[in-house]
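S.K.: So the sequences go chain by chain: A and B. The opening position of the first sequence corresponds to residue 1 in our numbering, with each subsequent residue numbered one higher. The opening position of the second sequence corresponds to residue 1 in our numbering, with each subsequent residue numbered one higher.
Careful: at least some of the hints might be erroneous.
Taking beta-carbon pairs under 7 Å as the criterion, some of the chain A residues facing chain B (in silico) [what the hints assert, rightly or not]:
no. : residue
1   : S57
2   : G62
3   : I215
4   : G291
5   : G298
6   : V365
Simulated from the structure, these hints should not be mistaken for lab results. Cβ coordinates follow ideal geometry from the N, Cα and C atoms, glycine included.
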Amino acid sequence: MSAYVPINRGMPLNSLSLHQFSTSTVLLLMFAFYGGTYLLTLGIRKKKEDADAFMVSNHRVGFGIGAASMTATWIWAASFYAAATSGYTYGVSGPIHYGLWGALMILFIYPFGRRFRKLAPNAHTLGELIHARHGSSSQLILAFSNVLGSIISLMVNFTAAGALVSVLSPLSFQAGVIIAGIGVLLYTLWSGFRASVLTDFAQLVALMAIAVVIIPAVFFAMGGPSELVAGLDNLTAEQANFFSVDAILNQGAPFFVAVLAYAIGNQTISQRLFAVNEEHIKPTFITATVGYGAIVIGLGMIGLMALTLGIQPLDGDMNNLIPQMVSGYLPPVFIALFFVLVIGSLSSTADSDLSALSAIMMADVYGKNIARGKADPKRMLLVGRLTMIIATAVGIVFASFSLDILVMLVFVGALWGAIVFPVIASCFWNRVTNAAFTTSVLVAMVTFCIARFELLPMSGLTALAFEGLASIGGGIIIALMVFGFLGRAAGLIAGVLAMLAMLVFATDFLRDYTVLLASLTAYGTSTLVCVVMSLMSSQRFDFDTIAQRVGDYDDAMSSTGAGSDTGKTAGDRLANASR
Amino acid sequence: MTALFAFYVLIWPALTLGVLVLICRAVLRDRRDARRESRELV
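Generate coordinates for the entire structure from the input sequences, incorporating the hints supplied.
M.R.: So this is what it looks like as structure tokens:
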């Protein structure tokens, strides 16, 4: 490590440089982290893992491990950087507008999660539930959106590792990406989800302990509350206002729109939902909500501290804010702790993405669409592990070449928005059909692209029509959130009121905010098409059949004889018989 | 004002500490329950 030169307390600094570790120090930290994590997984390793446990453990993960895993998975490296950026950009309310909505994504999915679990207690993925409800096309749309999301997440996390290593040491960006990729793969490959949730706990404990120390340490090292209050003069009126409209419209509102979409479109969340002991779903989700919010908002405060001190981000890169503050005010041991904090957060999310991807390929692709009721658990495990290896390679390549994923991000965001209503409605309303699900998502994607890329001029009647669809979208977001906690009547009233308010305020206004218009249009279109097509249908679905159609793979094989044609889950046999 | 801002910044690490203690105690309980029922923790 290089020599540490302390910086005077409270000294206003326009630019703080970053501390530099030697190559051997960074390598030691990374090998210690990944080596320790790998050793931890040896304690649960079985010579012969079974396919179900590889995907969701035993469906009886306890409250503590479940809450830890949910929190650790939801916190990724970008959470800290973005929260600090939000604090630096929007001032006093900035960290809240990042962390609060991110936390509420976990909370708002909980009432729907309980329904998913009730319908399919032995599911491994949300796609399996949708397969039992509708069939392959709807299931594959959901699986596809999950796969894209997890690949993007993997790439972002590996990128964060590369960036951290390259700014804090002489090592290259690519070296950081490769070490992180191989490190995560190494400890997740054999035991899959079981390894992921166990290591999540250890990583979260380290992450929380470091956050508890680092936030107050930076706060008091910079001069404490008096220095922060004195620095408020550096803020603009909007930045100093806790109820800043600027922060709400630019940071809070886009996050609010995405609250349900992120949670529905993310297999890492549903995987934990199906793994946790059913009795502990509520405390698990509430604890993860509070835990995520506290850590992320707390680290976001470092961005606010930097703003009040008038610090400029190094090279104009906002991601340097936290490392700069830690480097500037604390001794190197804290910078090492910060390093571990970021590596821990990105690794816990990356191992969850690998587990999610493997479960999707094992259950949704191989189990339901290739083996078609004759899934061999051994082959499933092979599919899962190969998926992890390929996904890691893809993540490393995408991250190493810093590929532009903006279009992919936009597309995934739209897809997630488009599937929210059809997925939730399919689990509560017996009239939703496979055709309604699939058509509504596809039409929503088309209208999204028209609005997002302005394929039609957004003026006159066209703009009015899209603002109308977006108003329905705004209404349905509110309706679903209220419905989840307060029931159908309250949801309906809240949704109609929100839609009317949107029609009044969004008309002739929303067309100027292309991203928001397009996102809300995706929600609105899929809802409208799904409802109309479902109302036209005479089909009525019996929800009780879902639990019978979705079962464990290993139990079915052991009870029927491995490799035989009769080696199907009870659910698959029933599903085949009913078709 | 100073006290208010001190509270605003420090409440988050305090909450984090609270959740950390809660999770650690719960994991110990999970471990005890798993041993009593002769099953694995995960």
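S.K.: Hints first: check each against the structure and report whether it holds.
M.R.: Evaluated hints:
1. S57: At about 5 Å, which falls below the 7 Å cut-off, the nearest Cβ of chain B leaves the hint on S57 (chain A) intact, so it holds.
2. G62: 3 Å, holds
3. I215: I215 (chain A) check passes; min Cβ-Cβ to chain B is 4 Å, inside 7 Å.
4. G291: Where the cut-off is 7 Å and the nearest Cβ of chain B is about 4 Å from G291 (chain A), the hint holds.
5. G298: Status holds, d = 3 Å.
6. V365: 25 Å, violated
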